[in-house]
Amino acid sequence: MPVAHSVASGMGGIRAAGDLVARMQLHRKMRLPEAKRYVAERLGVRSVDLSDEVLMRELREELDIGVVTSVPGCAKGLEAKWRIADLLGVEIQCVERFKRKVGV
Amino acid sequence: MSSYRTRMGDGRVVELTEAELRADLEAGTQDAAERGGIPPLNEEELGFLFELFACPYRVVGVEPGHEVVLTDDGSVNALYGAQSSSGTGVPVDRETAIRVYERAMGFDTMELGHADYSFKAVRPIVALEQQAMEGTLQSTIVPMFYGGMPNMALYARPDGPFPNPADLLPEGRIDEAREAQEQAGERVTRDMVFVAAKMAEIGTDGINFDTTASAGDVEFLATLRAVERVALDTDLAIEVGMAAEFVLGMHGEVEYRGTRLAGLYPHEQVTLVAEAGAHVFGPVVNTNTRRSTPWNVARAVTFVKACVEAATIPVHANVGNGVGGVPLTETPPLDMVTRAGVAMVEIARIDGL
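From first to last, the protein sequence lines are chains A and B.
If you use the working numbering, the first sequence corresponds to residues 33 to 136, in order.
If you use the working numbering, the second sequence corresponds to residues -12 to 340, in order.
Derived by calculation from the structure, the hints in this document are not laboratory data.
The model shown is predicted, which means the values in this text are computed figures rather than measured ones.
Check each hint, because a few of them may be wrong.
Partner residues are not named here, just some residues of chain A that face chain B (Cβ under 8 Å, in silico) [said to hold, decoys possible]:
#  : residue
1  : P34
2  : H37
3  : S38
4  : S41
5  : M43
6  : A54
7  : R74
8  : V77
9  : V80
10 : G98
11 : K113
12 : A117
13 : L119
Ideal Cβ placement from N, Cα and C applies to all residues, glycine included.
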């Protein structure tokens, strides 16, 4: 059933920009239209483009914020989230913890 | 006379004439309007629902650009869990399953939860849960929740230390039943805050208080108090998902900031959840298995639309097994699941599912 929602109504997660829009809801309590506008402005695309997996696949690799396919050398896990935090202007707590651990 | 293939609230296929389909949609929205004291859907919205259910295609989807954010209670339990969690028993660990959901299924957020999915059960093993979360946070990109249920019934005898209100109430021992619930509620808050603080310590993105108020109004109060504390003490995003459309008055007198909790519907619940400090609210509308899915979807969308309009925080509607218009059956049918989701997005204007 979760797959049905993902296909019919979901933003596509890291296939597109669903994780980024979700972060603005969780970090700033933004309603959906505001969260989409914010992320779209930061990425330099239109709101409607955020769930376009073809456009976002290329843009995510260009920004190096993690891509859905397995590409050697692309940012993964914490690396990607560090770059996402900078891109969106938010603090991601596990990234902050990692910075403290490595003395950054 | 043409007829339309749809399903009952228990999932069984039923054929409705155009007149029957339109009558069910009208009756569903009117039922919600009367119970909740909220506006029914208008003609245009009912027309949209008619077209949605008249459409012969098996799977439907939202318009491009209307997609919503997904959060999921229990989440990967559906892979490794058993029948009680609609699980498929796949021999895969939680951390691997989360990666599958993120990378193969395109989920926007993910959640880690214990198989028991109750904060009481997690408290003594929270260090193990922290380690699982730490590993997951290092390897994933999507926001990660830790999820569980307040599940106040676990604090009553024979499973817990307090007298069981389900035993006391039939004997007319009202005051004792109320006192037992108040004592249990304090423990519920304590355990929720404890686990949330441990998850915040290691950098988790959010905490999901799921199936809230399953034991009634005191459990809702205990959750609101936990939300207050977690919002004050941590940077966690807080999601509160409900257990049912209506807060049961198992106590009947408890209030939160001057509002009596028993009897509240989603558009009233969301206001209190936002006041407490939560970031996301998950309303529930229960499915009536004796009515058709069009009736249930019209009813659920009416409640959730009112909730979205009253909300100041994102609303992620529960559209799962037996809620949000989806039939109550072990194998929720794809045709009705996608129609319920589309109706929530296009009419109720939800922020997420």
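Status of the hints after comparison with the structure:
1. P34: 5 Å, holds
2. H37: 5 Å, holds
3. S38: S38/A check passes; min Cβ-Cβ to chain B is 5 Å, inside 8 Å.
4. S41: Since the shortest Cβ distance to chain B is 4 Å, the answer is holds.
5. M43: 5 Å, holds
6. A54: Holds, because the Cβ-Cβ distance from A54/A to chain B comes to roughly 5 Å (cut-off 8 Å).
7. R74: It is violated, given that the least Cβ distance between R74/A and chain B is near 16 Å, above 8 Å.
8. V77: 12 Å, violated
9. V80: Holds. Min distance 4 Å.
10. G98: 4 Å, holds
11. K113: 6 Å, holds
12. A117: Violated. Min distance 11 Å.
13. L119: 12 Å, violated
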